[in-house]
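Asker: Each chain is listed here by its residues.
2 protein chains.
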Amino acid sequence: MTFLSIENKYKIILASQSPRRQNLLKELKLNFEIKIKEIEEVYPPELKKEEIPVYLAELKALAFNNDLQNNELVITADTIVWVNNSVLGKPTSYQNAFSMLETLSNNKHTVYTGVCLKTKNTAKTFWASTDVYFRKLEKQEIEYYLEHYKPYDKAGSYGIQEWIGYIGIEKIEGSYFNVMGLPIQKLYDELKKFNT
Amino acid sequence: MTFLSIENKYKIILASQSPRRQNLLKELKLNFEIKIKEIEEVYPPELKKEEIPVYLAELKALAFNNDLQNNELVITADTIVWVNNSVLGKPTSYQNAFSMLETLSNNKHTVYTGVCLKTKNTAKTFWASTDVYFRKLEKQEIEYYLEHYKPYDKAGSYGIQEWIGYIGIEKIEGSYFNVMGLPIQKLYDELKKFNT
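Sequence lines, in order, name chains H and X.
Read in order, the letters of the first sequence are residues 35 to 230 in our numbering.
Read in order, the letters of the second sequence are residues 35 to 230 in our numbering.
If you are wondering where the hints come from, they were derived from the structure by calculation, not from laboratory data.
The reader is advised that the hints may include incorrect statements.
Put simply, identical chains are the same to the list, so a pair is met inside one copy or across any two.
Unchecked claim - The calculated DSBU-like cross-link candidates involving lysine-lysine, where the alpha carbons are at most 35 Å apart (straight line), are:
1) K226 - K158
2) K184 - K220
3) K170 - K154
4) K170 - K226
5) K142 - K154
6) K184 - K154
7) K173 - K45
Please read these numbers as outputs of a predicted model, since none were measured by experiment.
Taking the hints into account, I'd like the entire structure generated from these sequences.
Answerer: Spelled out as structure tokens, the structure:
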């Protein structure tokens with residue numbers, strides 16, 4: 035049972051390989067399938083903050099344009115970490131990941147997620163942001179985390195639901211699940227409202 | 035492996051039946067055992083906000099007073115929900131739980147957890163608070179949640195990590211894990227500092 039009557043109207047598709055997003059969407063007790071279209075995640079360099087994941091979510095949705103059936107609704111999403119006025123994506127190496135975590139240490143950053151709901155004839159985009167405050171991380175703590183958790187698939191090189199999140203994050207302001215990659219409460223509201 | 039050298043000095047005991055607290059403590063990669071002493075959770079009526087869980091955490095620790103060995107450290111904790119200038123504990127009935135969730139709906143509340151670390155000769159108490167903002171909950175959403183999740187062991191009648199948390203909570207300010215019953219980042223810091 036779900037409160038989302040949209041399920042009667044559309045077949046829901048989640049276009050994300052992230053197991054975190056897949057698990058969060060399951061919590062809405064919604065039937066959905068996963069379908070991925072590979073795209074190059076390139077965005078105009080002048081974009082800032084939420085503009086980046088909003089752009090990329092829409093780009094990911096655009097890739098479905100020609101394939102959507104009348105009864106299909108695709109959900110795409112993109113998440114970035116914004117700190118010291120620039121963006122952190124997924125790390126490319128151990129050194130890169132180490133340096134990202136040093137940047138986050140003793141600092142505040144903001145996690146932005148853009149989400150796009152797309153059908154054949156319409157689309158709705160929204161986003162959410164959460165401020166995250168790390169305490170000062172010790173060098174050994176960063177090393178331990180990188181060796182044991184290998185966060186190479188994660189924007190900003192960390193998962194809030196992993197050891198480093200438990201021991202290092204003092205507080206957040208906003209949605210916890212947004213930091214995991216999907217602002218699930220907003221998504222639920224948008225799906226409830228989605229009517230065309 | 036852990037960064038908590040305290041493990042070499044003390045046998046850690048967690049005095050809590052809450053599976054959520056037990057799982058959170060496991061995330062610190064710490065060896066511990068669980069030992070419960072039943073006490074009556076009664077506190078002076080003039081206490082407010084954090085004073086209540088601090089008092090109850092200390093009361094729970096006191097129950098171990100005569101039994102602790104020199105090499106034992108016990109962790110006790112208590113969590114309350116504070117809303118509209120009064121306290122919500124665990125619900126006593128379906129009606130009571132329903133009315134608690136109606137109170138939380140479209141409202142801000144604060145979750146306070148008190149934690150006590152106690153050895154034979156010393157003790158350290160600390161607390162954390164997190165503000166939680168529920169959007170307006172529909173009557174049917176509350177009914178669905180109570181019927182399917184039966185949150186009768188939870189202060190305030192909800193678990194943030196359950197369906198109602200996913201769909202109903204707009205944002206939090208503070209530690210997410212504190213809302214689950216244990217401010218795990220603060221606890222890690224206090225265990226690291228604990229030296230007597």
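Asker: Does each hint fit the structure? Answer for all of them.
Answerer: Each hint tested on the structure:
1. Proximity of K226 to K158 under the C-alpha cut-off of 35 Å is restricted to the intra-copy arrangement: shortest distance 12 Å within a copy versus 47 Å between copies.
2. In this assembly of identical chains, K184 and K220 lie within 35 Å of each other by CA distance both inside one copy and across copies; the values are 30 Å within and 25 Å between.
3. Taking the shortest alpha-carbon separations for K170 and K154, only the inter-copy value of 31 Å comes in at or below 35 Å, while the best intra-copy value is 48 Å.
4. Taking identical chains as interchangeable, the C-alpha atoms of K170 and K226 lie at most 35 Å apart only when they sit on different chains, with a minimum of 14 Å there against 41 Å within one chain.
5. For the homomeric pair K142 and K154, neither the shortest alpha-carbon distance inside one copy (40 Å) nor that between copies (39 Å) is at most 35 Å.
6. In this assembly of identical chains, K184 and K154 lie within 35 Å of each other by CA distance neither inside one copy nor across copies; the values are 38 Å within and 40 Å between.
7. For the homomeric pair K173 and K45, the shortest alpha-carbon distance between copies (27 Å) is at most 35 Å, but the shortest distance inside one copy (47 Å) is not.
Hint check: violations occur at hints 5 and 6; the rest are consistent with the structure.
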